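Trainee: Sequence:
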Amino acid sequence: MELIQIFLIVSIEFSCMMLATGQPDPPKDVRVDITDNTAKISWVIPRNQGVIWSRIYLNNSKEGDLYLDSKRKYKHISFPHSSIDIADLKMCSEYYVRIQCISRKQFSEFIIQKFWMTNTTFTAAIDENVALTWRTSFSYDHIFYVMKPTRGILFGVHFGSLISNNKDQEKYKFDNMPQDVRSINITVMSVKQTDAGLYGSVDDYERNVIGCCVLVVTTKPMNPVLTIDHEHPFVNNNITFTCNSTVQRWPGYIPSNLSYQYFGNPRGDTDGNKLILNTLTKSDKGITISCHATDDLGKVSNMSESIILDPYYGPDIIVLKPEYEAVNVTEGTILGPIHCNASCNPKCIFNWKVSRTRHFALVHSNQYLTVVDIKKNQAGIYRCSVVHPYDITMTRRIDLVVNVQYSPKIIELWLSDKNETYEWSNATIYSFSEDVNLKIRLSIESNPDPQLVLSSSLMNFPPLRYTKRGIEFLSELPSLTCEDSGNYTIQAFNGIKYGDTRTVNLIIYCKPRNVIADFKRIKTKLNKTENIVMQVVSFPKPTVKWTRTAGFFWLVQKDRYDYRCRMYSSIHIKSKDDFGEYGIHVCNRFGCIEEIITITYEDDVPKVKNENPGIFVAGITTLVFGLISLIPGTFFVIRKCLKTMKNISVQSDEYTDVKRSNPAFSDHYSSLQPQSESRLLQEHSNDTYEEFGITPDVDVYQNI
Numbered sequence: 007m008e009l010i011q012i013f014l015i016v017s018i019e020f021s022c023m024m025l026a027t028g029q030p031d032p033p034k035d036v037r038v039d040i041t042d043n044t045a046k047i048s049w050v051i052p053r054n055q056g057v058i059w060s061r062i063y064l065n066n067s068k069e070g071d072l073y074l075d076s077k078r079k080y081k082h083i084s085f086p087h088s089s090i091d092i093a094d095l096k097m098c099s100e101y102y103v104r105i106q107c108i109s110r111k112q113f114s115e116f117i118i119q120k121f122w123m124t125n126t127t128f129t130a131a132i133d134e135n136v137a138l139t140w141r142t143s144f145s146y147d148h149i150f151y152v153m154k155p156t157r158g159i160l161f162g163v164h165f166g167s168l169i170s171n172n173k174d175q176e177k178y179k180f181d182n183m184p185q186d187v188r189s190i191n192i193t194v195m196s197v198k199q200t201d202a203g204l205y206g207s208v209d210d211y212e213r214n215v216i217g218c219c220v221l222v223v224t225t226k227p228m229n230p231v232l233t234i235d236h237e238h239p240f241v242n243n244n245i246t247f248t249c250n251s252t253v254q255r256w257p258g259y260i261p262s263n264l265s266y267q268y269f270g271n272p273r274g275d276t277d278g279n280k281l282i283l284n285t286l287t288k289s290d291k292g293i294t295i296s297c298h299a300t301d302d303l304g305k306v307s308n309m310s311e312s313i314i315l316d317p318y319y320g321p322d323i324i325v326l327k328p329e330y331e332a333v334n335v336t337e338g339t340i341l342g343p344i345h346c347n348a349s350c351n352p353k354c355i356f357n358w359k360v361s362r363t364r365h366f367a368l369v370h371s372n373q374y375l376t377v378v379d380i381k382k383n384q385a386g387i388y389r390c391s392v393v394h395p396y397d398i399t400m401t402r403r404i405d406l407v408v409n410v411q412y413s414p415k416i417i418e419l420w421l422s423d424k425n426e427t428y429e430w431s432n433a434t435i436y437s438f439s440e441d442v443n444l445k446i447r448l449s450i451e452s453n454p455d456p457q458l459v460l461s462s463s464l465m466n467f468p469p470l471r472y473t474k475r476g477i478e479f480l481s482e483l484p485s486l487t488c489e490d491s492g493n494y495t496i497q498a499f500n501g502i503k504y505g506d507t508r509t510v511n512l513i514i515y516c517k518p519r520n521v522i523a524d525f526k527r528i529k530t531k532l533n534k535t536e537n538i539v540m541q542v543v544s545f546p547k548p549t550v551k552w553t554r555t556a557g558f559f560w561l562v563q564k565d566r567y568d569y570r571c572r573m574y575s576s577i578h579i580k581s582k583d584d585f586g587e588y589g590i591h592v593c594n595r596f597g598c599i600e601e602i603i604t605i606t607y608e609d610d611v612p613k614v615k616n617e618n619p620g621i622f623v624a625g626i627t628t629l630v631f632g633l634i635s636l637i638p639g640t641f642f643v644i645r646k647c648l649k650t651m652k653n654i655s656v657q658s659d660e661y662t663d664v665k666r667s668n669p670a671f672s673d674h675y676s677s678l679q680p681q682s683e684s685r686l687l688q689e690h691s692n693d694t695y696e697e698f699g700i701t702p703d704v705d706v707y708q709n710i
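The sequence shown stops at residue 710 when you use my numbering, and every number in between is there.
Among the hints, a few may not be true.
Said to hold, decoys possible - Label pairs and their in silico Cβ distance ranges:
no. : residue 1 : residue 2 : range
1   : E237      : T285      : 10 to 20 Å
2   : D31       : S349      : 45 to 55 Å
3   : H164      : D31       : 47 to 57 Å
Unchecked claim - Restricting the straight-line Cα-Cα distance to at most 30 Å, the calculated cross-link-like pairs of lysine-lysine (DSS-like) are:
no. : residue 1 : residue 2
4   : K547      : K503
5   : K381      : K503
6   : K424      : K547
Source of the hints: derived by calculation from the structure; they are not laboratory data. Predicted model only: the values in this text are computed from it and were never measured. Glycine included, C-beta positions come from ideal geometry on N, C-alpha and C.
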């Protein structure tokens, strides 16, 4: 607070110094109040002009300037004083007072005011008649004259006899034969401005005035001007009314001593010409204030123009209709209309602003907020700001949170078998091993948060649980096996419109398992060939090898689904040494399994009583024709094997060759690999079985 005061003082002094660089204005409104032989002279110093002194001179019209100080004919009155009392002045003498203002090295022009020293004053309004009277100390032995302000002689007294010189008998009336010539009585008819001034008794040489009076010609107070210190007063303000009037008087130095009266105020305090009303209220609206002025003669002015109080106020409490604090609105629909209301006098300025980051930007300059076809980027805090038009510090605000809801939009999708590694995004085919835990990460724009559902044509899953980081949704897929390979749909929906979906083809690798054979124990005889047919679940397609010489290759063909294969081969029994167990190694790059086929001599098994010879004969017949049909197939296989022996030997170890030649297998087998060239897993096969179930596109693996 002290700093502010120092700043204000310095600012004011600096302003005064700036104004003081030019010549200050002279004083004004000089007044003279005479009591006995003392004149109290006062004046008004101009404001904010750097005045530090007032210099005053007093001149007697017959004697010249008077010494007001012991050595000087002027006196300095330091600012802010602006009055002086000068005693021992000669009665009925004419004086001139001269006053100027002095700033730093600059002097104003003089203001000059004439006055007469007398305690006898008469006042009359224009066009009134006034009687003037005073007494002179001249004796009957003297010659003296009664003078009017224009220096004209009204009459003379010569040794006690009155000699009239009145040329205007209609203007001045007096007794031509007074009983006492030293008692002067004159009536001035229909007073005019020019009648004002000093009336006195002078000696024969007009050097001394003995006995006088001053006629003051006056008007009644002029129409007052009523002002208010606040152009636009607000509720709770203290306001001050000022009533100002003037009286024209001649001579002008005579004060009028106006008093003022206010009307229409049920409360308030008056101080001179001011009326102070403390703490305006709304109930003061409509109060009519007026005033009039009364001079020291009791003359009353006309009534001033009225001021009707209309206190400004507001904005009061802001209310939104509907009374929202937050509102949800669907993208593409209409927000509003929302009405912002506040009590103000006069009507306040309403602005709707929106903040989407840290700053508020103007949206509408009215009370109503309406947003047609709202977009998701128009969500944010909408603020109704209410400002009083005549005082911008009078402001209030209310905020509305607008949440724009919209359908999910999947921007990006990642799949991985690692916690935080997402190597590919937005691919449509993914491959992985069935023993890994597959993670999914989706980048989704959605409000509210979506529900994520994984589904396929054959399987349904409960909604995925996820964790959210911004617009990223992280989840873990259910455990899947290679039999579950196929197209999967990931759907994101939140109840608005249709949501969004992504379809991915999941290719799931697994090592061979679930081997199914027609017979694992076969009874046969010497010089016979037994056909071996087996099914296995494996992806990729396995290689198959005998652990002992069987005389035939293994033929492997994919079934309808990529993960299921059929394996074909034969065992030829040439001697008794060929009976026993035959091991079968089924391998792919993810692992191996071993199956056993047992070949026993048919005579070692007790004969089974044929209870149905017809069926037996039919079976034998079928077997014979089957064996006959195998002969050309066997030759076909041998012929093809001879032609492709070199290639088959290279391809017999699928895992080794694939790993060496394919960069996709440079990592561990559990790594997720995109299969950009894989065909759809559920595509139907057009394979046919010709010559022992072999088609031209069947991969043939050599038995080593």
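Trainee: Take the hints in turn and mark each one as holding or not.
Mentor: Hints and how they fare:
Checked against the hint of 10 to 20 Å, the pair E237 and T285 passes, with Cβ atoms roughly 19 Å apart. The hinted window of 45 to 55 Å between D31 and S349 holds, with their beta carbons roughly 48 Å apart. A beta carbon spacing of about 52 Å between H164 and D31 agrees with the range 47 to 57 Å that was offered as a hint. Our distance criterion of 30 Å between C-alpha atoms is broken by K547 and K503, whose separation comes to about 44 Å.
The straight-line distance between the Cα atoms of K381 and K503 is roughly 15 Å, inside the 30 Å bound, and the hint therefore holds. For the suggested pair K424 and K547, the alpha carbons sit about 26 Å apart, so the restraint of at most 30 Å is met.
In this structure, only the earlier hint numbered 4 is contradicted, and the remaining ones agree with it.
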